[in-house]
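Please model the entire structure based on the sequences and the hints provided.
Just so you know, the sequences run in chain order A and B. Add 63 to a position in the first sequence, counting from 1, and you land on the number used in the numbering used here. Add 38 to a position in the second sequence, counting from 1, and you land on the number used in the numbering used here.
Hints were generated in silico from the structure; no laboratory data involved. Predicted model, so just to flag it, every value in this text is computed and none were measured. Backbone N, C-alpha and C fix where the C-beta goes; we use that ideal spot for every residue, glycine too. Do not take every clue at face value.
To be verified - Here are the computed distance ranges between Cβ atoms for each label pair:
| no. | chain 1 | residue 1 | chain 2 | residue 2 | range |
| --- | --- | --- | --- | --- | --- |
| 1 | A | Glu-132 | B | Phe-52 | 49 to 59 angstroms |
| 2 | B | Ser-41 | A | Ser-130 | 23 to 33 angstroms |
| 3 | B | Ser-118 | A | Gly-103 | 44 to 54 angstroms |
| 4 | A | Pro-171 | B | Ser-68 | 26 to 36 angstroms |
| 5 | A | Arg-107 | B | His-120 | 25 to 35 angstroms |
| 6 | B | Trp-154 | A | Gly-79 | 42 to 52 angstroms |
| 7 | B | Lys-107 | A | Gln-104 | 39 to 49 angstroms |
| 8 | B | Ser-90 | A | Lys-134 | 28 to 38 angstroms |
To be verified - Below, simulated DSS-like cross-link-like pairs (lysine-lysine); rule was C-alpha separation at most 30 angstroms, straight line:
| no. | chain 1 | residue 1 | chain 2 | residue 2 |
| --- | --- | --- | --- | --- |
| 9 | A | Lys-120 | B | Lys-87 |
| 10 | A | Lys-134 | A | Lys-72 |
| 11 | A | Lys-77 | A | Lys-146 |
| 12 | B | Lys-87 | A | Lys-72 |
| 13 | B | Lys-87 | A | Lys-134 |
Stated by the list, open to error - Just a few of them, taken from the derived set where beta-carbon distance is under 7 angstroms, the chain B residues facing chain A:
| no. | residue |
| --- | --- |
| 14 | Pro-78 |
| 15 | Gly-81 |
| 16 | Leu-143 |
| 17 | Phe-145 |
| 18 | Arg-147 |
| 19 | Gly-148 |
This is what each chain is made of:
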Amino acid sequence: DGGITQSPKYLFRKEGQNVTLSCEQNLNHDAMYWYRQDPGQGLRLIYYSQIVNDFQKGDIAEGYSVSREKKESFPLTVTSAQKNPTAFYLCASGSEVGRAYNEQFFGPGTRLTVL
Amino acid sequence: AQSVTQLDSQVPVFEEAPVELRCNYSSSVSVYLFWYVQYPNQGLQLLLKYLSGSTLVESINGFEAEFNKSQTSFHLRKPSVHISDTAEYFCAVSEAGRGSTLGRLYFGRGTQLTVWP
Numbered sequence: 064d065g066g067i068t069q070s071p072k073y074l075f076r077k078e079g080q081n082v083t084l085s086c087e088q089n090l091n092h093d094a095m096y097w098y099r100q101d102p103g104q105g106l107r108l109i110y111y112s113q114i115v116n117d118f119q120k121g122d123i124a125e126g127y128s129v130s131r132e133k134k135e136s137f138p139l140t141v142t143s144a145q146k147n148p149t150a151f152y153l154c155a156s157g158s159e160v161g162r163a164y165n166e167q168f169f170g171p172g173t174r175l176t177v178l
Numbered sequence: 039a040q041s042v043t044q045l046d047s048q049v050p051v052f053e054e055a056p057v058e059l060r061c062n063y064s065s066s067v068s069v070y071l072f073w074y075v076q077y078p079n080q081g082l083q084l085l086l087k088y089l090s091g092s093t094l095v096e097s098i099n100g101f102e103a104e105f106n107k108s109q110t111s112f113h114l115r116k117p118s119v120h121i122s123d124t125a126e127y128f129c130a131v132s133e134a135g136r137g138s139t140l141g142r143l144y145f146g147r148g149t150q151l152t153v154w155p
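Structure follows, in structure tokens:
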């Protein structure tokens, strides 16, 4: 089955630790995205990548880092510099690059809790 | 910059009643419009989209939305809701002519629809 997988579903970390969230897609999409979701704030874009080995900052990139070494994978690292990392993180992919129409497909999400 | 406003954060309704979830956007260029639905602790699923052509678009489960360019709105409606429609609904837009940000989606803050028996 084609789709997007995110792991783990739930993640706990201590303050001061870096943690990496996994996102894999087998839809052969060029573009991938990371969003953060907090109650009442909708989805905010952290980073996005339109092609392998290239990525751009979104609206709230501070305290996060990404890599895009393979088309299928777009891992997100939440660093200790992120002041309030507890949130629900969603990964998405989209097939249209360089066009306004870009239907995005979402993974099931990872809920990160900082203890 | 693009902005999307969902005017109601919570909409409670009784089963079989009609419902409207409101969405307004601001943009100086042409846009594409989307509604996504999110069930608890899950990712988002596309409900319907407006790309071009008829301003009224429909989903397979009875929702519809109408693009109103003059009012910059894309309200979501359903004539009779079911308990299973309880979820959070997000309006999103993407705009043309923005170079490397083409295809980027801008989301509203979401509307929680709760259907009571």
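Right, here's what the structure says about each hint:
The hinted window of 49 to 59 angstroms between Glu-132 of chain A and Phe-52 of chain B holds, with their beta carbons roughly 52 angstroms apart. Between Ser-41 of chain B and Ser-130 of chain A the Cβ separation comes to about 31 angstroms, which falls inside the hinted range of 23 to 33 angstroms. At roughly 28 angstroms, the beta carbons of Ser-118 of chain B and Gly-103 of chain A sit outside the given window of 44 to 54 angstroms. The supplied range of 26 to 36 angstroms is met by Pro-171 of chain A and Ser-68 of chain B, whose beta-carbon atoms lie about 32 angstroms from each other.
Our hint of 25 to 35 angstroms for Arg-107 of chain A and His-120 of chain B holds, since their Cβ atoms are close to 31 angstroms apart. For Trp-154 of chain B paired with Gly-79 of chain A, a C-beta distance near 44 angstroms keeps the hint of 42 to 52 angstroms intact. In this structure the hint that Lys-107 of chain B and Gln-104 of chain A lie 39 to 49 angstroms apart at CB is violated, the actual value being about 28 angstroms. For the hinted restraint 28 to 38 angstroms between Ser-90 of chain B and Lys-134 of chain A, the CB-CB distance of approximately 29 angstroms keeps it satisfied.
For a cut-off of 30 angstroms, the pair hint linking Lys-120 of chain A to Lys-87 of chain B stands: about 26 angstroms separates their Cα positions. Among the hinted pairs, Lys-134 of chain A with Lys-72 of chain A is consistent with the structure: their alpha-carbon atoms are about 22 angstroms apart, no more than 30 angstroms. At most 30 angstroms may separate the alpha-carbon atoms for a hinted pair to count; Lys-77 of chain A and Lys-146 of chain A meet this at roughly 12 angstroms. Only pairs whose Cα atoms come within 30 angstroms are accepted, and Lys-87 of chain B paired with Lys-72 of chain A is accepted, the gap being roughly 28 angstroms.
Between Lys-87 of chain B and Lys-134 of chain A the alpha-carbon distance is near 26 angstroms, which keeps this suggested pair within the 30 angstroms criterion. Checking Pro-78 of chain B against chain A by beta carbon gives a least distance of about 11 angstroms; that is not within 7 angstroms, so the hint is violated. Checking Gly-81 of chain B against chain A: minimum C-beta separation of about 4 angstroms stays under 7 angstroms; hint holds. With its C-beta approaching chain A no nearer than about 6 angstroms, Leu-143 of chain B sits inside the 7 angstroms limit, and its interface hint holds.
For the restraint placing Phe-145 of chain B at the interface with chain A, the shortest Cβ-Cβ distance is roughly 4 angstroms, inside the 7 angstroms limit, so the hint holds. Because the beta carbon of Arg-147 of chain B sits about 4 angstroms from the nearest beta carbon in chain A, less than 7 angstroms, this interface hint is met. Nearest Cβ of chain A to the Cβ of Gly-148 of chain B: about 5 angstroms, under the 7 angstroms cut. The hint holds.
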